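Asker: Residue numbers (the working numbering), protein chains in the order written: chain U, 1 to 114; chain V, 1 to 116.
It is worth saying that the hints were derived from the structure and are not from the lab. The model shown is predicted, which means the values in this text are computed figures rather than measured ones. Any given hint might turn out to be false.
Said to hold, decoys possible - With a straight-line cut-off of 20 Å between C-alpha atoms, the simulated SDA-like cross-links for lysine to any residue are:
hint, chain 1, residue 1, chain 2, residue 2
1, U, 70, U, 59
2, V, 11, U, 41
3, U, 3, V, 44
4, U, 3, U, 27
5, U, 3, V, 58
Stated by the list, open to error - Stretches of chain U that chain V covers, calculated by requiring three or more beta carbons in the stretch to come under 8 Å of a beta carbon on chain V:
hint, stretch
6, 25–36
7, 44–58
8, 82–96
9, 100–114
Ideal Cβ placement from N, Cα and C applies to all residues, glycine included.
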Amino acid sequence: AQKITQTQPGMFVQEKEAVTLDCTYDTSDQSYGLFWYKQPSSGEMIFLIYQGSYDEQNATEGRYSLNFQKARKSANLVISASQLGDSAMYFCAVGDTGRRALTFGSGTRLQVQP
Amino acid sequence: DTGVSQNPRHKITKRGQNVTFRCDPISEHNRLYWYRQTLGQGPEFLTYFQNEAQLEKSRLLSDRFSAERPKGSFSTLEIQRTEQGDSAMYLCASSLRSELYTDTQYFGPGTRLTVL
Numbered sequence: 001a002q003k004i005t006q007t008q009p010g011m012f013v014q015e016k017e018a019v020t021l022d023c024t025y026d027t028s029d030q031s032y033g034l035f036w037y038k039q040p041s042s043g044e045m046i047f048l049i050y051q052g053s054y055d056e057q058n059a060t061e062g063r064y065s066l067n068f069q070k071a072r073k074s075a076n077l078v079i080s081a082s083q084l085g086d087s088a089m090y091f092c093a094v095g096d097t098g099r100r101a102l103t104f105g106s107g108t109r110l111q112v113q114p
Numbered sequence: 001d002t003g004v005s006q007n008p009r010h011k012i013t014k015r016g017q018n019v020t021f022r023c024d025p026i027s028e029h030n031r032l033y034w035y036r037q038t039l040g041q042g043p044e045f046l047t048y049f050q051n052e053a054q055l056e057k058s059r060l061l062s063d064r065f066s067a068e069r070p071k072g073s074f075s076t077l078e079i080q081r082t083e084q085g086d087s088a089m090y091l092c093a094s095s096l097r098s099e100l101y102t103d104t105q106y107f108g109p110g111t112r113l114t115v116l
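Using the sequences and the hints, build the whole thing.
Answerer: Structure representation (structure tokens):
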């Protein structure tokens with residue numbers, strides 16, 4: 001079984017500052033992938049970034065980076081230079097090679113303040 | 001390059017009625033997934049297709065739920081005899097089988113179902 005824990009129900013950040021959203025995971029699989037998605041109020045899940053369990057370097061995509069600490073089973077999302085448009089729900093998810101379904105956490109609501 | 005589309009975007013129905021949702025994946029994607037999301041929660045997996053074959057179903061997918069992907073392109077999700085507990089956002093996602101450990105799934109805008 002897989003599990004994702006996001007301990008921050010809500011976060012506030014000032015515009016142009018960096019913010020870290022926490023994610024810890026539990027999986028018995030040796031080979032797996034970690035994902036972050038953004039869900040604005042419109043409802044669509046927008047893919048942000050992916051980290052494979054065997055990737056030695058942390059993934060980066062523009063202003064998004066994933067702080068992957070395999071031994072601690074954590075995959076925190078770092079958003080640099082926050083923008084007002086970053087205000088949304090953010091979900092961490094894990095998937096393995098054997099089972100195609102993703103397991104999601106309960107999400108973190110990020111609010112960027114001007 | 002169009003993304004995943006879902007229709008309708010909103011559906012209001014009375015308890016006991018049947019409803020059907022449609023999902024059109026990204027054109028070259030051979031995998032298609034259905035998830036359900038209730039208020040304040042992350043999406044929960046319902047079922048998954050590779051081409052036209054339904055390869056996995058969650059225990060959440062009761063006998064009242066059925067999904068098809070007849071030609072390996074679009075998919076439909078039908079809920080029979082709807083209950084108030086079926087009220088949720090139904091999300092469809094698609095992916096292309098890749099060499100990565102886990103495919104990246106791209107989601108549609110969802111269908112919000114309200115059962116009165």
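Asker: Take the hints in turn and mark each one as holding or not.
Answerer: Outcome of the hint check:
no. : hint         : verdict
1   : U:70 to U:59 : holds (13 Å)
2   : V:11 to U:41 : holds (18 Å)
3   : U:3 to V:44  : holds (12 Å)
4   : U:3 to U:27  : holds (7 Å)
5   : U:3 to V:58  : holds (15 Å)
6   : 25–36        : holds (count 4)
7   : 44–58        : holds (count 8)
8   : 82–96        : holds (count 4)
9   : 100–114      : holds (count 8)
No hint from the list above goes unmet by this structure.
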